[in-house]
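Number of protein chains: 2
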Amino acid sequence: MKKRLAPLVIALAALGATDVRADDPLPSWNKGPSREAILQFVAKVTTPGPGFVPEPERIATFDNDGTLWAEQPLYFQLFFALERVKALAPQHPEWNDKEPFASLLKGDVKGALAGGEPALGQIVMATHAGMTTAEFDQLVRDWVKSARHPKTGRLYTEMVYQPMLELIAYLRANGFKTFIVSGGGIDFMRPWTERVYGIPPEQVVGSSVKLSFELRDGRPVLLRLPEVGFIDDKAGKPVGIQQHIGRRPIAAFGNSDGDLQMLQWAAAGEGPRFCVLVHHTDSEREWAYDRISSIGRLDKALDEAKAKGWTVVDMKNDWKVIHPFEKR
Amino acid sequence: MKKRLAPLVIALAALGATDVRADDPLPSWNKGPSREAILQFVAKVTTPGPGFVPEPERIATFDNDGTLWAEQPLYFQLFFALERVKALAPQHPEWNDKEPFASLLKGDVKGALAGGEPALGQIVMATHAGMTTAEFDQLVRDWVKSARHPKTGRLYTEMVYQPMLELIAYLRANGFKTFIVSGGGIDFMRPWTERVYGIPPEQVVGSSVKLSFELRDGRPVLLRLPEVGFIDDKAGKPVGIQQHIGRRPIAAFGNSDGDLQMLQWAAAGEGPRFCVLVHHTDSEREWAYDRISSIGRLDKALDEAKAKGWTVVDMKNDWKVIHPFEKR
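So the protein lines, in turn, are chains A and B. The numbering of the first sequence is our numbering, which starts it at 3 and goes up by one. The numbering of the second sequence is our numbering, which starts it at 3 and goes up by one.
It is worth saying that the hints were derived from the structure and are not from the lab. Treat the hints with care, since some could be wrong.
Just so you know, same-sequence chains aren't split out, so a pair can sit in one copy or run between any two.
Cut-off 35 Å, straight-line C-alpha distance, at most; resulting in silico cross-link-like pairs (DSBU-like, lysine-lysine) [unchecked claim]:
{"hint": "1", "residue 1": "Lys-179", "residue 2": "Lys-112"}
{"hint": "2", "residue 1": "Lys-108", "residue 2": "Lys-308"}
{"hint": "3", "residue 1": "Lys-179", "residue 2": "Lys-310"}
{"hint": "4", "residue 1": "Lys-310", "residue 2": "Lys-147"}
{"hint": "5", "residue 1": "Lys-236", "residue 2": "Lys-212"}
{"hint": "6", "residue 1": "Lys-33", "residue 2": "Lys-108"}
{"hint": "7", "residue 1": "Lys-108", "residue 2": "Lys-46"}
{"hint": "8", "residue 1": "Lys-88", "residue 2": "Lys-33"}
{"hint": "9", "residue 1": "Lys-88", "residue 2": "Lys-322"}
{"hint": "10", "residue 1": "Lys-308", "residue 2": "Lys-88"}
{"hint": "11", "residue 1": "Lys-112", "residue 2": "Lys-46"}
{"hint": "12", "residue 1": "Lys-212", "residue 2": "Lys-308"}
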């Protein structure tokens, strides 16, 4: 589909067209209220009249984990971290007796994560800091090229949601600037978001470690320090949006309580607003989880979406296909 | 000039043209090595061949104070802060006996700033924090509309450099994405950079205070806290570039030692690089200052520019006009 859509999008964008419905721009979306809400919102903000929004203000923000790609059985970035722990273990003999590393190295992920956020923090810092930004970039590129999802055997970048790819392309064809606003690491996402989503590095907002500029033998490097710089989750998302984008999105897409404040922030602006939750309802083609899941918990945000009339995408019923590889 | 150039730029951009020299794109630049260096660099990166750079990698970063607009006799943001101190004084009777406010309120700016960075920090926090982002945005918009430069009587946004406006437009017409990377406040610049430079809020990198997301009577706001979030100066500039843009610029423009690390960072990448310092050499039409100035000191960076063959713009000899209002 991406290949078929691209020339159309380019042709229509060149003509300044704001309506690509002539050839269905959302072929992986079943007819129904979610698809209809997307089309109506885009028509409203692109049509001269009371709901019209000038192009520079057409900012759309997307959560990544669980919204643009899958997040089960663990956040994919955690699989990257676990692989790095194994690769680094020979240089850290002390990890054999030190949690959470000892459990990890025995293959007991659950045991390692039983230590909660402090354990997670230790794993992230041990694997995401202590190298230059260029070195980290290369580690991510190598991993993304080869690592495979434990359930599907697919590359992680294949585990993206086809309907969301279509939605992103449709918004961009209608003058939107699309941003990722994710709790995931900003520099973990940037090496592949342009290729996979068409979202360039400068339009990725995420969590970060502190950086330090240094001259090494006269050559400048940026060192990744084992210190949290910013956590782009929950109340951090509107903060990240303001610091990075400086405008309030008119459309925001998430899937969990971690996205609630981003949706509240988008919803509170003037003019037309579009707030969307992707609800994981498909236990056969994907995973079904919401209120009691430890990953991607969707509880308060689901209540608020219902109370405020936000769009809740029902993956099982709204999506014809989940991943691009299902299409042949 | 801006008005005359804009249709040309748009027309050529639509044609995908990479050479706008047919009608001089830099009319306020005298013929000479600086102008020639600009034209040669742009020709090199846009012409298929060994120096070609794909459009997404054509990132150019500009310092603001002293590079895009003037910075004498004080950074313009400081004039904004001083006006705010006066406006807020009735609510702060204690300021009459407390430095640096007491001196400021007596009109003694020099005395107030004698307290150095801590004094400056107090002034900035008292005037840039303690309100919502929306309230601060409005304060800046109001100030920019009415405040006037003490020497020229012009609006501060008229004190921009005409040759740099042409340069920014020329780069954009050649597929560059232009960013501001300034020690100034990110949210102090954003309300006017799009109108004045054509640089949208999401392409402004600057210093910031910490923000806090809160619900006020159920309505979300972002509060500006009296706490430094990030200082986008000196070694902070490459850090700000990485955190915000995530790509290394191929062209960087500054005017002081505060820009040295940004230029070093840009220079150290692969392929063609363009590092430029604007040297304030015109005591008649503007100000002449460099190695011993307390504002915009240009000392180490000037030495490094000479050693490394970076382009040093001589304002007096390279620029036909300084500000747009000189043209009639």
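Structure-based check of all given hints:
no., hint, result
1, Lys-179 / Lys-112, "neither (39 Å within a copy, 45 Å between copies)"
2, Lys-108 / Lys-308, "neither (44 Å within a copy, 57 Å between copies)"
3, Lys-179 / Lys-310, "within (25 Å within a copy, 38 Å between copies)"
4, Lys-310 / Lys-147, "neither (41 Å within a copy, 38 Å between copies)"
5, Lys-236 / Lys-212, "both (20 Å within a copy, 16 Å between copies)"
6, Lys-33 / Lys-108, "neither (48 Å within a copy, 69 Å between copies)"
7, Lys-108 / Lys-46, "neither (55 Å within a copy, 54 Å between copies)"
8, Lys-88 / Lys-33, "neither (46 Å within a copy, 60 Å between copies)"
9, Lys-88 / Lys-322, "neither (38 Å within a copy, 62 Å between copies)"
10, Lys-308 / Lys-88, "neither (44 Å within a copy, 48 Å between copies)"
11, Lys-112 / Lys-46, "neither (47 Å within a copy, 55 Å between copies)"
12, Lys-212 / Lys-308, "between (38 Å within a copy, 32 Å between copies)"
Of the hints listed earlier, those the structure fails to meet are numbers 1, 2, 4, 6, 7, 8, 9, 10, 11, in rising order.
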